[in-house]
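*Asks:* Between the sequences and the hints, there should be enough to build the whole structure, so can you do that?
What follows is each chain in one-letter form.
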Amino acid sequence: MFVEQSMSKNVIAIGPEAGILEAKDVMAEHNIRHLPVVDKDDKLLGVITDRDVRSAMPSIFVDSCNIEEEKERLSKLKVKDVMTKDVVTISPLYTLQDALLLMQKTRFGAFPVVDEDRKLKGIISIRDLMRAFINVLGLGEPGILVGILVENRLGQMKRIVDTITEEHVSFGSILVARYWDEGKRAVFPYLLTNNVSKVKKKLESSGFELLNPMEWYLDQLPRHKTD
Amino acid sequence: MKKTGFLYDDRYLLHDTGPYHPERPERLKMIRKGLEEAGLLPMLTPIKASRAQQKWIEAVHNIKYILRFEESCLYGLTEMDYPDNQMCGASYEIALLAAGGILDTIKLMMEGKIDNAFCAVRPPGHHAEIDKSMGFCYFNNAAVAAKYLQSEWNIRKVAIIDFDVHHGNGTQHIFERDPSVFYYSIHEHPSFAFPGTGREFEKGTDAGLGYTLNTPVLPGQGDAEYKKLMERDLFPAIDGFSPEVILLSTGFDAHVDDDMSGINLSTEGYSWIIGRMVELADKYSDGRLISILEGGYCLPRLPELGKNHVEMLMGKK
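As they're listed, the protein sequences go chains A and B.
Per our numbering, the first sequence runs over residues 1 to 227.
Per our numbering, the second sequence runs over residues 1001 to 1317.
These are calculated hints, taken from the structure and not from any lab test.
No residue lacks a Cβ here, since even glycine has one placed at the ideal position from N, Cα and C.
Each hint should be verified, as a subset may be incorrect.
To be verified - Derived DSBU-like pairs: lysine-lysine, alpha-carbon spacing no greater than 35 Å straight-line:
#, chain 1, residue 1, chain 2, residue 2
1, B, Lys1307, B, Lys1055
2, B, Lys1227, B, Lys1203
3, A, Lys202, B, Lys1029
4, B, Lys1033, B, Lys1048
5, A, Lys201, B, Lys1307
6, B, Lys1228, A, Lys201
7, B, Lys1307, A, Lys78
8, A, Lys200, B, Lys1227
9, B, Lys1029, A, Lys198
10, A, Lys24, A, Lys119
11, B, Lys1048, B, Lys1283
12, B, Lys1033, A, Lys202
13, B, Lys1029, A, Lys201
14, A, Lys40, A, Lys76
15, A, Lys43, A, Lys105
16, A, Lys85, A, Lys43
17, B, Lys1064, A, Lys198
18, B, Lys1228, A, Lys198
19, A, Lys201, B, Lys1033
20, A, Lys24, B, Lys1203
21, A, Lys78, A, Lys9
22, A, Lys198, B, Lys1033
23, A, Lys200, B, Lys1228
24, A, Lys200, B, Lys1307
25, A, Lys198, B, Lys1283
26, B, Lys1307, A, Lys202
27, A, Lys9, B, Lys1203
28, A, Lys200, B, Lys1029
What the hints assert, rightly or not - In silico negatives: residues of chain A with every beta carbon more than 10 Å from chain B:
#, residue
29, Leu93
30, Thr95
31, Leu102
32, Lys105
33, Val150
34, Glu151
35, Lys158
36, Val187
Claimed, not checked - Interface residues of chain B toward chain A, partial, derived using beta-carbon atoms under 7 Å:
#, residue
37, Pro1022
38, Leu1040
39, Tyr1082
40, Gly1135
*Replies:* What follows is the structure, encoded as structure tokens:
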């Protein structure tokens, strides 16, 4: 689960001397929001985002200024004038979990991936991480999510797996999440079957409490510590 | 009254899915029993199945997949791709008879010998992908039917309306780039039901954009929600498409007593749906309507659901 395997390797990058209008066009053409800025040796100098470009543009609410003058000013603005220089970078050996947590912490949407010499190796964005976690959740495979509430003690998962396996059903993924009640866990097996009713009955008759996925949301933890 | 065909063949019972499997031969027996006890059988045009020519299966499925299915049966394997797909030595032949029977039924309709028909077939088809069996399905019967109509009968525009409680992933994927086949499905929301596809934003791709339409319904909903959503989504869309033939993927598993889903349609709710389908066929496709059985697993309810379904097709109610 290293970033190296999930990042985009054919990175669209730009030089520091390019105009910001060019940067805007490149981003629009490739449908991307982050452009790493590199020197001739591919060393990372900064990142320019669509927001950096937009901030440099005149506001649509100010139309009194001289348009020609404004065009002149914009055409002279270079990538190096508006880019972020103090970029958070990560190494190719960061894990996907590292990247995900760092993204939550920094609130950045993408990280350039660089080697020890600060040479650009790739870029990993929130979209790459989403793709990876969609895979982990097994969303691409045909199946159905079942919710089970269990006591938070050793051996529960084995019982669940045994019960479901006895019904000759295979697993796409299993998610274990915290529950409201201390001492309880919510277990969500994603089962690769159309025949879920017999599995549910078996689980219930084995003493498990089923959770209604309609009444559940993944984000049961407080969003902020102050909540 | 309309002249309605009824495709049923005792050989459909030979597709053996083993003990405890919900997709079992008794399903068809119960449906047939419902028609028999209501005295409907003499009023229907009986249709027996013949084997589909391989070229029609190949119009939908990858040849490697077809051979893999045949060889798996010959070899005596009892499942394919997923443990859900239980089968026996005869399953390949029976799947050919299911598709073939539907093609025979279509031929009768196109020759004007019947107006519409109900095809009580096994195994079902709408989950079957081009190269993969899934959700008890091996050959995508509705998709084969649509291809046959287009190639053999010069029908340009076919609508497939799927009200099985599960999304017909196979049918959608087969036609999602094809603007000549409109696929509509109403089903239990994919976050709560098999197979996890059929979200509202899946609307077809490339040239087929706008020719796939999905209505996911949350668990716990029933007749009122189905009526509201079909009126909102299906009827305007079908009006824009004007199909020359309508195929139905009919699943009785959205019934409140069917434990394969959390959707609570009543028996009357089902009659409303099929009644509206007959109206759509009268309005757009000269009455041409072929209903193809997919799911529906609550054995005690199948006689009445089958009976009502056929009565609505006949215009008896």
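*Asks:* Next, verify each hint and record whether it holds.
*Replies:* Right, here's what the structure says about each hint:
Annotation: proposed proximity of Lys1307(B) to Lys1055(B) holds, straight-line Cα distance about 34 Å (limit 35 Å). Pair hint Lys1227(B) plus Lys1203(B) holds up; C-alpha atoms about 21 Å apart against a cutoff of 35 Å. For a cut-off of 35 Å, the pair hint linking Lys202(A) to Lys1029(B) stands: about 27 Å separates their Cα positions. Of the pairs offered as hints, the one joining Lys1033(B) and Lys1048(B) holds, with about 17 Å between alpha carbons and a cut-off of 35 Å not exceeded.
Proximity of Lys201(A) to Lys1307(B) is assessed by CA-CA distance (about 30 Å); at most 35 Å being required, the pair is judged to hold. As the CA atoms of Lys1228(B) and Lys201(A) are separated by approximately 32 Å, the hinted pair is consistent with the 35 Å bound. Between the alpha carbons of Lys1307(B) and Lys78(A) the distance comes to roughly 75 Å, so the proposed pair goes past 35 Å and is violated. For the hint linking Lys200(A) to Lys1227(B), the alpha-carbon distance of about 29 Å falls within 35 Å, and the restraint holds.
Simply put, Lys1029(B) and Lys198(A) have alpha-carbon atoms about 22 Å apart, close enough for the 35 Å limit, and the pair holds. Proximity of Lys24(A) to Lys119(A) is assessed by CA-CA distance (about 23 Å); at most 35 Å being required, the pair is judged to hold. About 29 Å separates the Cα atoms of Lys1048(B) and Lys1283(B), which keeps this hinted pair within 35 Å; it holds. This hinted pair checks out: Lys1033(B) and Lys202(A) have alpha carbons roughly 31 Å apart, not beyond 35 Å.
Pair hint Lys1029(B) plus Lys201(A) holds up; C-alpha atoms about 26 Å apart against a cutoff of 35 Å. Only pairs whose Cα atoms come within 35 Å are accepted, and Lys40(A) paired with Lys76(A) is accepted, the gap being roughly 21 Å. Of the pairs offered as hints, the one joining Lys43(A) and Lys105(A) holds, with about 25 Å between alpha carbons and a cut-off of 35 Å not exceeded. Distance restraint check for Lys85(A) and Lys43(A): the Cα-Cα separation of roughly 12 Å lies within the 35 Å cut-off, and the hinted pair is therefore satisfied.
For the proposed pair Lys1064(B) and Lys198(A), the alpha carbon gap of about 33 Å is at most 35 Å, so the pair holds. About 31 Å separates the Cα atoms of Lys1228(B) and Lys198(A), which keeps this hinted pair within 35 Å; it holds. Annotation: proposed proximity of Lys201(A) to Lys1033(B) holds, straight-line Cα distance about 29 Å (limit 35 Å). With a C-alpha separation of about 31 Å, the suggested pair Lys24(A) and Lys1203(B) falls inside the 35 Å cut-off, and the hint holds.
Our distance criterion of 35 Å between C-alpha atoms is met by Lys78(A) and Lys9(A), whose separation comes to about 25 Å. Between Lys198(A) and Lys1033(B), the direct Cα distance comes to roughly 26 Å. Compliance with the 35 Å bound is thereby established for this hinted pair. Proximity of Lys200(A) to Lys1228(B) is assessed by CA-CA distance (about 30 Å); at most 35 Å being required, the pair is judged to hold. Only pairs whose Cα atoms come within 35 Å are accepted, and Lys200(A) paired with Lys1307(B) is accepted, the gap being roughly 31 Å.
For the hint linking Lys198(A) to Lys1283(B), the alpha-carbon distance of about 42 Å lies beyond 35 Å, and the restraint is violated. A threshold of 35 Å between alpha carbons decides the hint, and for Lys1307(B) with Lys202(A) the separation of about 33 Å falls inside it, so the pair holds. Of the pairs offered as hints, the one joining Lys9(A) and Lys1203(B) holds, with about 31 Å between alpha carbons and a cut-off of 35 Å not exceeded. For the suggested pair Lys200(A) and Lys1029(B), the alpha carbons sit about 27 Å apart, so the restraint of at most 35 Å is met.
Every beta carbon of chain B lies more than 10 Å from that of Leu93(A), the smallest distance being close to 33 Å; the non-interface claim holds. Listed as a non-interface residue, Thr95(A) keeps its Cβ farther than 10 Å from every Cβ of chain B; the least gap is roughly 27 Å. Residue-level check passed: Leu102(A) sits 29 Å from the nearest beta carbon of chain B, beyond 10 Å. Taking the minimum C-beta to C-beta distance to chain B, about 29 Å, the non-interface status of Lys105(A) holds against the 10 Å cut.
At roughly 20 Å, the least C-beta separation between Val150(A) and chain B is larger than 10 Å, which holds for a residue marked as non-interface. Look at Glu151(A): its CB is around 25 Å from the nearest CB on chain B, clear of 10 Å, so calling it non-interface holds up. With 10 Å as the threshold on Cβ separation, the claim that Lys158(A) sits away from chain B holds: the shortest Cβ distance comes to roughly 20 Å. A cut-off of 10 Å between C-beta atoms confirms that Val187(A) is not in contact with chain B; the least separation is 17 Å.
Here the hint on Pro1022(B) is kept, as its CB sits about 6 Å from the closest CB of chain A, short of 7 Å. About 30 Å separates the beta-carbon of Leu1040(B) from the nearest beta-carbon of chain A, more than 7 Å, and the hint is not met. Among the interface hints, the one on Tyr1082(B) holds; its C-beta lies about 6 Å from the nearest C-beta in chain A, closer than the 7 Å criterion. Because the smallest distance between the Cβ of Gly1135(B) and any Cβ of chain A comes to about 4 Å, under 7 Å, the interface hint for this residue holds.
In summary, the numbered hints that this structure violates are 7, 25, 38.
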